[in-house]
Amino acid sequence: MDYVILSLILLAIGIYGLLTKRHLLKVFVSVELIATAATLNFVMLVPSLGKGLGEAFLILAFSTDTCVSGVILALLVIVHKKYGTSDIGDLVKIEQEKEEAVKVSEVEA
Amino acid sequence: MILEILSVGLIISACLAIFLDEAVYSVAALAGTFFLTALLYAFNGALFVAIFQFAVGAGTLAVLFLSGEMLSETPTKTSQKNLLLITVVGVLLSLPAIFLSISETPAALSGISFGEALWDLRAVDVVLQGFVIMTVALGIVIVLHEKRKGEK
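Taken in sequence, the protein lines are chains A and B.
Residue numbering for the first sequence follows my numbering, starting at 58 and increasing by one per position.
Residue numbering for the second sequence follows my numbering, starting at 9 and increasing by one per position.
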């Protein structure tokens with residue numbers, strides 16, 4: 058069994074989710090899958106990298122993953138509080154409506 | 009054999025995490041992905057990594073369950089037919105990982121200790137990561153400070 062291919066498949070599933078899903082939580086799940094794929098790749102390359110370097114890569118990968126998760130979750134909560142939705146399509150619509158309202162008010166002024 | 013079963017389960021749960029419509033079920037499937045990844049590490053003899061994966065996964069999932077519950081809007085149910093289709097797609101996707109193989113890279117850097125690897129080979133990464141964490145912490149402090157100012 059080849060773990061490089063396994064992590065490649067996980068990465069592909071994550072990228073597919075990132076590109077196609079409209080809900081921000083699904084986007085977050087996709088990012089988590091991509092991070093898991095990267096970590097799996099690092100871990101399974103340990104025999105050829107050496108144990109120490111593998112563990113170092115792992116610590117870096119996990120801490121980066123945790124930082125990314127924290128920032129995305131914070132943004133997710135802020136966006137949901139501000140706009141009342143977490144659908145990317147709805148967010149784009151709201152922003153466009155806002156811009157149009159600003160343009161109309163400028164023309165009227 | 010058990011590693012192959014774990015890999016198939018891993019791909020199926022990853023597919024479910026992406027394709028299930030309801031946020032909470034999606035997060036539950038992601039929990040399955042984390043759990044199976046940790047088991048895969050443990051069966052390959054990487055217990056240190058498995059414990060790390062469990063710890064990080066548990067923290068992430070706890071927060072995700074809370075935010076998933078908070079952010080989920082009118083859920084649409086996935087039909088049994090779609091569920092079966094996702095499972096079949098997951099099994100098909102995991103087949104290349106089981107039957108194909110890429111030649112292994114030669115052992116080049118074995119014998120380097122964890123400390124040496126972290127501080128000699130990856131020192132720049134460690135320092136930069138420290139900066140990233142510091143920036144995030146500073147950002148949170150500034151946001152909270154602004155929020156408190158706004159409340160006053």
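None of these hints come from the bench; they were simulated from the model.
Quantities reported herein were computed from a predicted structural model and do not represent experimental measurements.
Watch out, some of these pointers could steer you wrong.
[Claimed, not checked] Computed, partial: chain A to chain B, Cβ under 8 Å:
| hint | residue |
| --- | --- |
| 1 | Leu68 |
| 2 | Ile70 |
| 3 | Ala113 |
| 4 | Phe119 |
| 5 | Gly127 |
| 6 | Leu130 |
| 7 | Tyr140 |
| 8 | Glu154 |
Note that CB positions come from ideal geometry on N, CA and C, so glycine has one too.
Now for the hints, and whether the structure bears them out:
1. Leu68: violated, 10 Å
2. Ile70: holds, 5 Å
3. Ala113: holds, 4 Å
4. Phe119: holds, 5 Å
5. Gly127: holds, 7 Å
6. Leu130: Cβ of Leu130 of chain A sits 6 Å from chain B, so the hint holds.
7. Tyr140: violated, 11 Å
8. Glu154: Where the cut-off is 8 Å and the nearest Cβ of chain B is about 19 Å from Glu154 of chain A, the hint is violated.
Comparing the model with each numbered hint stated earlier shows that hints 1, 7 and 8 do not hold.
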